[in-house]
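Peer 1: Each chain is listed here by its residues.
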Amino acid sequence: MKRTVKDTEDSTRQIGRRSLFVGGLFLTMGAVLTARMRYLQVERADDFRLLAEENRINIRLLPPARGLIFDRGGVLLAANEQNYRVTLVREDAGDIDAVLAELGRIVTLDMVALERARAEIDRRPPFVPVTIADRLSWAEISAIAVNAPALPGITPEVGLSRIYPMGADLAHVVGYVGPVSDYYLEQTGDTDPVLQIPDFQVGRYNVEARMERVLRGRAGTKQVEVNAGGRVMRELDRDPPNSGGDLQLTIDAGLQNYVEARLSGESAGAVVMDCESGEILALGSTPTFDPNLFVRGISTAAWNGLNNDRYRPLANKATQGLYPPGSTYKMIVALAALEAGVITPDETVFCPGHLDVGDRRFHCWSRGGHGRVNLVESISQSCDVYFYELAQRVGIEAMSAMAKRLGCGVRHNLPLSGIAEGLAPTMQWKAQQRGAAWVVGDSLNASIGQGFVLSSPLHLAVMTARLATGRDIVPTLIRSIDGINQLPGPAADLGINAGHLQLVQRGMWQVNNDRRGTAYASRVEVADYAIAGKTGTSQVRNITAAERASGVISNADLPWERRDHALYVGYAPYDNPRYACSVIVEHGGGGSAVAAPIARDILLRAQLGEVPPASLYPANQRPDIERMHRELPILRTPPAPTGRTVRSQA
Amino acid sequence: MSFLEYNVKFTPTGWRKILYLNWPLIVLLIAVAGVGFLMLTSVAGGRISRWAEPQMERFALGFVLMLIVAMVPIWFWRNVSALAFGLSVLLLLFVEFFGAVGMGAQRWIDLGFMRLQPSELTKITLVMVLAAYYDWLDVTKKSHPLYVLIPLLVIALPVALTLRQPDLGTALLLLIGGGAVMFLAGVHWAYFAGVIALGVGAVFAVFTSRGTGWQLLQDYQYRRIDTFLNPSNDPLGAGYHITQSQIALGSGGWTGRGFMEGTQSRLNFLPEKHTDFIFTTLAEEFGFVGASSLLVLYLLILVFCIVIALSTRDRFAALLVMGIAVAFFLYFAVNMAMVMGLAPVVGVPLPLVSYGGSAMLVLMIAFGLVQSAHIHRPR
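Those sequence lines, one after another, are chains S and D.
Our numbering puts the first sequence at residues 1 to 650.
Our numbering puts the second sequence at residues 1 to 379.
Chain D extracted, bound-state conformation (with noise of 0.2 Å):
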């Protein structure tokens, strides 16, 4: 029926793989790591050592993995999900009980050269398992409620997990990132408006329950909520990242203050310059034009994912790439909505800029998986 002919004997093998890959897409990533290096080195006072390096380090092992994951057919990658998704889970139960108790409550294990944080990789394993699942599953059963309540428990493990970290911020990316997953297998749309009514119940419930004996949220997490609805309440205080964040913003004005100018980041006003806070140097020092073409590339590798989903008519590829892709702009949209003062402070980097191990290797993996399904879709 389609111009797309399923022809297993056209996908390419071996070392041609390289010529299928979707470079546009590379292209894409090596500018935002760009991006990424340019800004780091700018928040250290010009020094590329301090974290540009290591950065392009990480980068660099990211890319080989990229490609490496690339490689290997998807079929494989559909086959493995259940047991990536089992692992990443048993990595969080190790830092739960290990690392609670051994290691002062940390959410990471070292690997020597890098810290792993279990909670980054399970944001694409997650994906994995529930496209795994939808590919598997009959389509005539997608909206019963049984096979409804199977996923809803497959994303309810991990999100528990992170939330006893406590790590709210994870928590609702995981949530929304495999809640995407089932909205475009095709679930019925019924469910989903009752999620929203729930939702909209428990933030009520969240709220009425402060300062009660069942209070749903830690303090902190309460006070994170009143800094965000009023930052200007306690400019020194908690309200001091995001005031100190959007002066740093609005001063760059249309060209931004010129590389290394940036009087905000330079002067350390800037909380977290290297990490969350990254994008705020960046609309600084190169303005309006600077910060919405960052957006302009992440929107366009969207786009470019999105078009690698059309393309395919493998239904694990196809959901498992836009499933990456709303991981991917879940954490780009909260962190520039966290900085420019639209969404409350949640420790969520900035894609492939930020400096951090975890999110840049696990991303480069899930780039890995959006190439194999380019390469060996069924043409």
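Only chain S is shown next, with the shape it has when bound in the complex (with noise of 0.2 Å):
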């Protein structure tokens, strides 16, 4: 191998220069990767450094306490209950089989919820708690915490669930809280961060749900850094959550247990209210339901029970429930003729049993006729062609007119979920939602409550508060809020001549106090206690010609959902009214013999505000009466005022 001193040379120079020339692609690369990383950390520094922080820093929320619920003497409705639960961390347990086994054996645990637990620890990071049993008593969370060194990475925890200390005697007004669901999410369009937190719980139902802006409270927060996997490195700040507002209703809890033990076994609704204040003291719905169920996640079993039931368990009849008024109505058409002048009180009707309009026969439910009658005789004997001959002088626009005025057919404002509004007909609603004209029969049957027209519990008992009083009381069912009195002022005047008023209260005393009064059976001996009232037995049926011919057929003889509606309107003490009240039993027959008696067990109650003694009623009836009483399903000691539990969590 020959080589040149040229070639050597040469070749070393070519060697050089290329050399040089890598040099320079390490200089332009150097200058690039130079580039790139001014890029990144000076132009681009605040966005990534944001984005570092975003990663280390997690928010945490801690859930508020939500608000409590009293009655109005400071019964506990809605309260938090401390709620033990055990919890495992996987990395501390070690062998989770053995450390389940050996909490089986300590307490019992639900194999479904265990199953679910265990899907939940191998899917989590291993330091993530996971519950494992849940709403553990103090026993057993004590027993789990003495044989802890056996239990590694079992972890008793507390936290705070809603319970309803009244159980089912409240449901229809309390209500309750649920999960949140994405149905609910998208109904309310609620974006409050607090939803987030699992397990948080909203109301579902009536005062729970309608108030639920002043319950829940709001959510705290807990800043935390966070590593890549997820595990809390410290606590960096923390904002503690604010609870939720404490409500006081107006109901009162002794009463409204006595209201609901006195429907049970019906299909019932009944509203006692305060005639001056309008504070709504009792609403009743039987059959009820206890509303611990649905916090808890009501079973598919019991809910179909529940919503199967033909007694209708779910809806509050007291509110949602709308039935002809019957001849609980004529109070409205007989004030609406005097105040139009189209009556005088002295003028009498004659009664043979039925009224002939046109080709139509109008029927009274007395067979027989109630003869002669005035206004204060038709009012206490019900006499129902004296309603006829009313409706056609005074005419529908005047007696829808005055129920409005007197609170039926308009929707009052509760917090409670579905409030009907109920009907009082005008000739303009006939045509709008019927498409025919308004003939002179729709009259006469609105005259005695049937027909087109329609009410709740609520308007009777509003209705019955404001005849009493002749004032225009507005039903309410907040007391205070936080303490803060939410109560309306005095009522306004209804403008209504005091002695039309007279007239139709005097009626109402006689229906329970004159001898030819309907619920004369349902006086009080006592006068101080006297209760004024009016009965109402509302068809859900057509009687027939052939029928009426051979005998109208007994309420008694008819299945159950074809008998008539039993109602009665009432308010006491006679003299000085101070609470009114509406009972409607729904297809119990006649409003004298079911509804009546009802109503004056539940005024004397209300008035006494203790279970009536029988000295208060006829004395025929005093031993019925006891027997009844004791066998009533009330609580013999009422609640007890227990003032605020549990206020906040960690």
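No wet-lab data here; the hints were simulated from the structure.
Be aware that a few hints might be false.
Stated by the list, open to error - Here are a few chain D residues that sit away from chain S, every Cβ distance over 10 Å (derived from the structure):
(1) P12
(2) L21
(3) V69
(4) V80
(5) V139
(6) I150
(7) L168
(8) V203
(9) T208
(10) Q221
(11) R223
(12) L299
(13) A337
What the hints assert, rightly or not - Beta-carbon label-pair distances, calculated as ranges:
(14) D:W189 x S:D7: 15 to 23 Å
(15) D:G199 x S:S181: 56 to 64 Å
(16) S:Y184 x D:I48: 54 to 62 Å
(17) S:R213 x D:I48: 52 to 60 Å
(18) S:E235 x D:T208: 50 to 58 Å
Cβ atoms here follow ideal geometry from the backbone N, Cα and C, with glycine treated the same way.
Make one complex out of these two single chains by using the hints.
Peer 2: Spelled out as structure tokens, the structure:
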């Protein structure tokens, strides 16, 4: 191999040239890397700093304690209960099977929940606590705490869950809370971050739902530093949650308990109001249900049971139920006629038991007729023919206007789910809704609370309170929020002639206290507690001419759902009205036989503040009343005010 | 003709060689390794014993090896180049067959105190053998097709073996490193233009073959390419590493968050934070100033290598030093480009900084060769 010096030197120089070229490439790449570094670290530094902070800082929400709900006397109606549960942290537990087996020896574990927990343990990172058992008793949680050394990774924890101490009594007033569903978010458009807390519960029914804004409170936050695996390294900052506001309702828990008990066994609704302030003292609807079931998550079987019951326990009959008010509507017609001046108190109408209008015959409930009756007698004896006559004189428009003035056929604003508007029909209404002209027969039907007229027990209670006081009583359910009074001031006068009102009130007094009154059997023997009222029996079927000829079938012989509704409205004491009450028993039969005795018991209970003694009742009824009260499923000791309980949690 | 007169007699001998070492280069190497010790301490949360201490021990061992290699005359290394290359190919074959069968597809050989990756060793021995080849080759024949084919086959052998592992990153580094030596030796530029054209065609073929029966790369390699091209597509999956490392880099800003104050690395958001991604921790904690300083140190090392290469008239020495410079450059440039999102994620450590034995020892031996070339240069 020959090598010349020239070749070697040329080659060395070429290597040198190419080395410098490669060196240039090095510097170029170095410049590119520096430029990229500058771009990332200088120009976009703020963006990336932010991203790094977002990586690092995790904001955890702290649930607020839900506001409490009390009755007017301070009895707890909705509270937050300490809910003991145990959680397991996989990485601390070691042998999960052994730990769970040991735990199973101490407390009874729900197998279904356990399977779900196991799946959760496998899915989550090893340091995340997973709930193994929920709603443990104090004894159970103590046993677990004592055995802690044998249960690595198991931690007893305490949370808050809603409890309704009065149970089923107030399901139709207080309502219940439930989990946040997609449907809920869609319906309410609620974007409160607190809803993202796992297991957070929101009001789903009645006061719990409608007063959600007050009761919920505001979520707190906790800023924690987390690592890439999501493990919390340390807490950086904390903003404690604000508890929800406490509500005091106008409800009297003792009276409510009595009302629910007295109505039990029937499909019925009742409302008790303070005549002066409009405060609703009791709002009964039977059968009812235990709202605590919904808090824990109701089973399908229990839900189907409630949903398919023909007595409809889930419906609030006192506010949602609409019924033909029957004869309880007659005070409206009487007042409308008196105010219109189409009848005088002394004018009498002859009742032969029916009235022919055109080619139709309208019957009175009394087949033989009442003979000549004036206004007071027509109310006390509930003469239908008298009111047919008034309806023809005064017309439907005046009747419906008076109904609305007295609170029927209007929507009352209460914080409950579903308040029925009712119906006080007008000619325009019929033309629009039915596409037919108003005929005089419609007015006649309306005058005895049949036909198109529809009212709920709430409407009738408001009507009764307004009749008793002559003032524009507005029903109300919230007494105070966080101790701040929410009651409206004294109600304005309705502007109805006092003399006319007294006539109607006299008629109502006679209903219970005149020998010929339809509710004479339901009188009170002591004048201080005397009741004035009105019975009503509303048909849910048409009585055909053929049936009438062969004798109207008695209610007892009809299937339940075709029997008449029994109604009663009343107030007490007559001299100085304090309490107004309405009762409706669905398909109960006659108002005087079924509804009036219930209303008398309720009004006496309201006036006395305790179970009424038999001495207030007519002598011949006392043994039955005593037995009834002995067997009544009421709380023997009235619920005691409990004041505030747990308010906040960590 | 030159001021550099060839004079072997002037070459230092014995212990005097130590005085003729390129001391600035040694200072630079110690400085870079020092950065590594600092960062390894930081990512271990302040504990020196976890990563920094073993790294120091390896650096000390590597330093001794470097001195030993430097003492041996460069012509000895030229004479054993072919042997060294043959040995490293044998080791590659060993891990290819025995590693795969007996040890579960591992790429290293356990030497007891460290794990040796033959592919790392090959990066240097390939450069050695090519430098020796061009030293031997008649300069007039260097662009002759036959004499171009021979080095190509020499390069193809370890590239094929590392591709089989499969280790695409190392294979590419070997290919580029070998090609660089050929370029430096003066092979006609037309060959390189052809190769670049072929490379573009190959990239095109790789992408078009995806999903067909003749798919050229493994699925995971395709996914890496996808992730590189668009990391935000899948920020919690395959793009996680790139996204998080860019966040770490970017959040450093001008001067960084301070030693051991980098939240991204401290809270484990960074992958492989003590090995391939250690540069992100440096950038996060010391900012643009710290990161660019390391880059400057690396570039200075290259400058010294180029100066040494230019100042020797020994073709083997010049090609060897430049080949080593290219290999060293590829290490840090690919690693930095990778963590900054300019290159796909391939397993390339940051030289002398990342935790790891093979790369450290091999690089120190390589710098021993550079020193030897410097000491024994014809003057």
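Peer 1: The structure should be examined with respect to each hint, and the outcome stated for every one.
Peer 2: Structure-based check of all given hints:
no.: 1; hint: P12; verdict: holds, 22 Å
no.: 2; hint: L21; verdict: holds, 21 Å
no.: 3; hint: V69; verdict: holds, 22 Å
no.: 4; hint: V80; verdict: holds, 20 Å
no.: 5; hint: V139; verdict: violated, 4 Å
no.: 6; hint: I150; verdict: holds, 15 Å
no.: 7; hint: L168; verdict: holds, 20 Å
no.: 8; hint: V203; verdict: holds, 19 Å
no.: 9; hint: T208; verdict: holds, 28 Å
no.: 10; hint: Q221; verdict: holds, 24 Å
no.: 11; hint: R223; verdict: holds, 21 Å
no.: 12; hint: L299; verdict: violated, 5 Å
no.: 13; hint: A337; verdict: violated, 7 Å
no.: 14; hint: D:W189 x S:D7: 15 to 23 Å; verdict: holds, 19 Å
no.: 15; hint: D:G199 x S:S181: 56 to 64 Å; verdict: holds, 59 Å
no.: 16; hint: S:Y184 x D:I48: 54 to 62 Å; verdict: holds, 56 Å
no.: 17; hint: S:R213 x D:I48: 52 to 60 Å; verdict: holds, 58 Å
no.: 18; hint: S:E235 x D:T208: 50 to 58 Å; verdict: holds, 54 Å
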